[in-house]
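Student: Residue numbers (the numbering used here), protein chains in the order written: chain A, 1 to 255; chain B, 256 to 625; chain C, 626 to 981; chain D, 982 to 1284; chain E, 1285 to 1529.
It is worth saying that the hints were derived from the structure and are not from the lab. Being a predicted model, the structure only gives us computed values, none of them experimental. Treat the hints with caution; some may be incorrect.
Said to hold, decoys possible - Over the 10 Å line for every Cβ pair with chain C, so calculated as not near, a few chain A residues:
| # | residue |
| --- | --- |
| 1 | Glu21 |
| 2 | Ser23 |
| 3 | Ser50 |
| 4 | Gln157 |
| 5 | Asn242 |
To be verified - Label-pair restraints from in silico Cβ distances:
| # | chain 1 | residue 1 | chain 2 | residue 2 | range |
| --- | --- | --- | --- | --- | --- |
| 6 | D | Ile1049 | C | Pro932 | 36 to 42 Å |
| 7 | E | Lys1298 | C | Ile739 | 57 to 63 Å |
| 8 | A | Gly234 | E | Pro1417 | 25 to 31 Å |
| 9 | A | Glu137 | E | Lys1298 | 31 to 37 Å |
| 10 | E | Lys1399 | D | Ala1142 | 31 to 37 Å |
Idealized CB from N, CA, C, for every residue including glycine.
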Amino acid sequence: MSLLKIDGLTQRFGGLQAVSEFSVEMQGGELMGLIGPNGAGKTTIFNLISGFYQPTEGTITLDGTPTAGLKPHQVTSLGVARTFQNIRLWHDMTVLDNIRIAQHYRMGYTVWDSFLRTKRYRECEKRIENIAFELLEAMSLADYAQELPKNLPYGLQRRVEIARAMSIKPKLLLLDEPAAGLNSSDVEGLIKLVRWIHDNFDITIFMIEHQMKVVTSLCQWIKVIDFGATIAEGTAEDIQSNPAVIKAYLGDDTI
Amino acid sequence: GCGEDKAQTIKIGFNLPLTGDIPEVGEGSKNAAEMYLKDINSAGGLEVGGQKYPLEFIYMDNESKAESATNVALKLIDQEKVVAIIGPNSSKQAVPAGGTCNDNRVPMISPWSTNPSTTLDRPWVFRAAFLDPFQGPVVADFAAKKFNAKTAAVLFDVSNDYSKGLAEIFKASWEAKGLGPVVAFESHGTKDQDFSAQLTTIVAANPDFIFVPDNYNQVALIVRQARDLGYKGPFMGSDAWGTPDLVTLCGEQCYGNYFSTHYAAAGAQGATKVFIDRYQEAYGAVPADYAALTWDSIGMMVEAIKNAGKVYSDPVEMRTAIRDGLAAIKSFDGITGSSKFDAQGDPIKCAVVVKISDTGEFVFEESVCP
Amino acid sequence: MQKYTFNFVLAASCLLMLAMAQYGLIDNYIQAVFMFVGINIIMSTSLNLVNGNMGEFSCGHAAFMCVGAYVSSVLSVLCFGKLLGGPLLPASMAVFVFPLIIFIGGAVAALAGIIVALPSFKTRGDYLAIITIAVNYMIISAIENMPSIGGSRGFQGMKDTVWAMVDTFNGPWMLLWVILFTVFTVWIIRRFISSTYGKGVNAICQDEIAAEIMSVNTDRMKLVTFMLSSGLAGIAGGLFAHIVGYVNPQSFNILKSTEAMVMVYLGGMGSLSGAVLSAILFTGLMEVLRSQSLIEFILSPVTFVFPDWEPSAGVIKWVLIPLILVLLMQFRPEGIMGNKELSDVFPKLKKYYSFK
Amino acid sequence: MDFIIQNILNALQWGSFYALIALGYTLVYGVLTLINFAHGDIFMVGAYIAFFVASWLLGPVFGLDPTITFVLAIPLTMILTACVGVTLERIAYRPLRRKGAHRLYVVITALMCGLILEYGNLAALGASRKKFPDLLDKVIWDIGGVSVTNLKVLVIFAAIAVFIFLNFIVTKTKIGMAMRGISYDKFAIPLMGIPIDAIIVFTFILGSSFAGLAGLLFAMSYPILEPFMGALIGWKAFIAAVVGGIGDIRGAFYGGFLLGFIEVGVVTVFPSTYRDLFAFTILLAILWMKPTGLFGVAKHTKI
Amino acid sequence: MNIPLLEVENLHVKYGNIEALHGISFTVGQGEIVTLIGANGAGKSTTLMAVAQLPPPEAPKIISGDIRFAGQSILGMAPDRVVADLHLVLVPEGRHIFGNLTVEENLKLATYARKGDVNDINRDYKRVYQLFPRLNERKKQRSESLSGGEQQMLAVGRALMSGCKFIMLDEPSMGLAPLLMYDMFRTLKELNEEGMTILLIEQNAHLALKFAHRGYVIDTGEIVAHGPCATLMENPEVKKAYLGG
Ligand SMILES: Nc1ncnc2c1ncn2[C@@H]1O[C@H](COP(=O)(O)OP(=O)(O)OP(=O)(O)O)[C@@H](O)[C@H]1O
Ligand SMILES: Nc1ncnc2c1ncn2[C@@H]1O[C@H](COP(=O)(O)OP(=O)(O)OP(=O)(O)O)[C@@H](O)[C@H]1O
Ligand SMILES: [Mg+2]
Ligand SMILES: [Mg+2]
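Using the sequences and the accompanying hints, generate a full structural model.
Tutor: Printed below as a string of structure tokens:
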């Protein structure tokens, strides 16, 4: 059974067709890229997968479960985590809290436990905290556990956002332009990080990115869309030499 | 105690709505009290048992709120150590503050509260005004006789316990007469300014008169708007109309209407007239009924102190003495008429029906006694 | 051991206060002020949960206080009063039944909180603010139209329960209950917001979309928070009714809600200790400025220039308090505590308590 | 039938006042996302200013004819009330804005300023109410059992005219665009060469001067002035503005009339003691169905 | 030698109590393209906001130093006057478009302080729509629902509409697809050839150095290197830190 199966996905906003007939199937374990010109509908596809929009047409199936009608938090608890094109951390809570809260769906205790501080409460909180610390350690963020994200440099904020998504223990990780706004050396770091995550966790990654360097060095398979429809797909080499992709997306780099 | 030699002051507290919904009531009461205070103290104080004691009045604002009224009562009792309290005026504050005074064994007189619960089962609480169950029938009888009315309409304030209570009692007593129905029974909110929807319903029901147990400021608007909607019949009001400001605000449109009240300012005689003239001189306005009732409440209090025959330095003893003094008053002649007191501490007194004359004065029309 | 210092100090000072009340060292007025401080603490901390932690703008908190007040008053009169038929329960049980009555009032108020919580799933911000105002008006209007519980005449008779407790043992019962419920409120809120569960509320405040996508069940969080907040307000209402001994729907109008709101923002949004401090400050200010002589002293320069003007404390107080608040906001535009807790400002305090 | 028409007229007049005040709320909100809770009290101040202006013009110094007084009172009241609004902005809101305070702190400040205006008035002028002089000779037309006064007609037309004027300013002019832009992103406004403070002051001038106009018309229609006259109508106008969709001029206008119609309608159909209960339930239901009001656009969060 | 158009001299600025720039000096001559490069958090955006005279709290507070435009100090000038009188415009980091206005209104609002010929303005509209055809298609759409890249186009387009002669761009390529990014840089080059002065911040240091005439390297609030782009590209330190090897 495939991990993610999208079939004939279409999304309209009023008269505008942002996504049309998009289909993809991921078996699990891939690192796939999604590229396309601005406004092609990439973020919309992510929003549809994570349940933020309900598709006009088409189906999304996660691990055999259709996601139609599910709320975003329910989709997340099926094992989908994502980052955002514009960083959306909870800026006034510590990095540690950011990572703890993202484990809400498997908190394991009720509001009464939190009032009464039952044994269950203490055990669950302990577990949540341990997971958070392990993750921060692993992503070399442990030094910043008590910092507020808004006080961190941009590059680290991106990293915290990825850590937050990882604390969900997702099977599928959606990264929306993780390299945007990073300078060249941070981009190198990001590439390493994504590869490390992919290699060390049993995880599937689907990413949107405009920096071709990132896409080509990470993704085994790339889908190119324009006006909501797939115009090409293949390996990095295929894509880079595809005339349709060059015309619609890559352009020529003479200035 | 041994305080007889020193000129000990007698402290009386006032629990007044100086802010909130009805600040003018607080202000009027305070004005009357100031006048009384000046009278007594310029005469060297209150003579009790052959010795003169200066009076001290302490005014506190209850913001027209129930909890503030109890707080003020407690503060007057515990911090200021007053021997008696006058106020609060409206029942919303007088009922809880009455409870507090009764619990703490401090005599209290509410000048203006007409809700029976204020004094019910409270031996320490008294009042100067008659009760709603008395006023309602007075209005009904008068209107039936004067206007030959068969049908009545009522417009009242739902959020005001006074207005609502009186409206209901009136309705019951009107219907009990069996002359005809109350054809419209409409209400509005306390701070409303537009009544045209209610009045349209009332006018459409074509009543012989409209009973408006409302505060004078709303009366002015109601009458005006009713006339704009083509209503030509008479209005009848209750004691809350009894402010000279009514005529200032309402103007000619209120002329010729009637209301029941505690006293009639125009054509008043004797002590009442003296009071009115002096008040007018001091504050530039004819005193409203709450001012007059406050004056009478102070008068009752003073009589009770005199009845006590002695001023104790211990406020607790003094309070008991005043309460006994108050309970001992069997009848009282005040500027709002003379009254007798029943077992609950409620006065039994005559109501007056007043006509607003063509010059805008409140002219005595008829006196109705229980 | 050190970490219990705070609890000991708190318990000791409460006991001291009770003892002083019992032996007449503090008079009824001071006791009443303490009790209103307690009630205001409950009101401001519970509203802070919604307005501060969750970042909504609820302007109708008094509505829930009203529900709690009426429910517990009616129960109390049914059980121990004589207004609605004879007392159902013997007076000796009052001590045990009273807290139950207050809790039931709170529980019903929590149910009333659902009226606000449900729309909050779909709308927020100023639209939700209007819904809360509307609910406030609706509840007042509903009670005014219930003649069986007094309508706009108000409802009384709850003092019988208090007397029943005093007859069992002569002591400052209401003060005791207010202290207990205030501590209970602060304790429960503290536990709630410091748990990972409760921190979801802050996440909703800071970025609701991220919260939803990061697995926080925002609808359930909102429901729980609104119910907790309004339930606690209901408890405050029940206590209020038994202190004053009389309730009137208009006592819980929008002005009362405004007071709670002012306390929350004065203390600093989302700061529990700020909400407690500002409730103390605000209530204190309200009482202190009742004094005519103080107001005359403050205004003596003005009355010197305008000798005819006779300021009345009641009026001036309501000019001064807003003025003080406006000035305070100019100097501390984030409230007394900002979004920090006392222990963040004075980290040493942390050693002395484990309130969690 | 005439009963219904009469009530429609009643609702139109009462709705006009809600609309006029709601327009001021929405205008300021549309720029600063500030619920200017002092607006109802600025309206009250406007009515008092109108009172003093009218008494002064009618008084011994000038002894003008009432109609001329009315004509002169309109601009004078509007200007003076605008000054009050701008003063509030300058001394209370602007410093907070400069410090980057949370928007709700400004809202609370506005609430406090409203209280200061109310109680300041009470302290200065005392508790007795003021009677507004009659400026227009009242004409009552009786058309088939429906009575209409000239004042009613004037009020309704004034509300419509103000709406058309404001709607034009906000949607069609560049200054109106700047006003809307500020509410979304204050940071970028100066980068467009737009003097932000000037625009905000302009907004307050507009909002307050129309509150002044509303105060004048209100005082003529309900000629009894007291310091708290603006409080309740202010709250309700705010509710109307939100139900219409706060920040949108059309929303305030239609919301005001809607509230007027609901209130009058409930009183007409149901026992009037239930007015608040039913009226607010209806409003709640409207917001339930349209969570951002009639004309409000849900703020789209692009993620 | 004639005076440069913009001179920043020993600029110190603070956010609250934290000093973000510790004495930065640089110049931009008339008709030049100058780029500032540096790591995240180095203070590049801060510098531009200080030049644009934006007020705190979002922007920094200038403590000391001087900023001169055509020889005149502009310290204390109102930020809207900077745009209206000096025709010096900043395209800020993070787009800051007016989401509740349509695309068209956003562009129109940018001409608020412009006192030009209607024909000039119309020519600029054309140019913007030509450069970003997407904006033309989305003219009537509320701009907050635009995609990230489309919003970036709008932010740049808006600056062009203001009739500026000196444009400061803070990461204009963020979120743009390669094709568009190259198009935009080509247009900027064209504008430069027509006389526009450009001060650019760009994370992609390769691109920036290829595009600009001169560059400054900022590190934690200080200038650590500067010179013509060709020289900087050869500088081993710069190479190591910013060109990724
Ligand atoms: N809620 C919405 N309402 C209306 N239009 C929308 C909405 N969301 C997206 N769009 C439109 O749908 C199209 C696709 O948007 P989307 O955000 O998916 O683009 P994208 O591929 O992520 O582009 P970019 O690379 O610039 O981020 C855009 O043209 C956008 O204007
Ligand atoms: N509003 C602010 N308040 C406080 N500190 C700030 C603020 N904005 C920026 N800073 C701090 O000032 C320093 C310089 O920030 P600046 O935004 O200028 O960096 P930058 O070089 O533009 O970085 P980036 O490449 O991430 O855009 C950073 O340390 C940052 O944390
Ligand atoms: Mg995108
Ligand atoms: Mg930057």
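Student: Next, verify each hint and record whether it holds.
Tutor: Results of checking the hints against the structure:
| no. | hint | result |
| --- | --- | --- |
| 1 | Glu21 | 25 Å, holds |
| 2 | Ser23 | 23 Å, holds |
| 3 | Ser50 | 6 Å, violated |
| 4 | Gln157 | 13 Å, holds |
| 5 | Asn242 | 33 Å, holds |
| 6 | Ile1049(D) / Pro932(C): 36 to 42 Å | 39 Å, holds |
| 7 | Lys1298(E) / Ile739(C): 57 to 63 Å | 49 Å, violated |
| 8 | Gly234(A) / Pro1417(E): 25 to 31 Å | 27 Å, holds |
| 9 | Glu137(A) / Lys1298(E): 31 to 37 Å | 35 Å, holds |
| 10 | Lys1399(E) / Ala1142(D): 31 to 37 Å | 32 Å, holds |
Hints 3, 7 from the earlier list are contradicted by this structure; the remaining hints agree with it.
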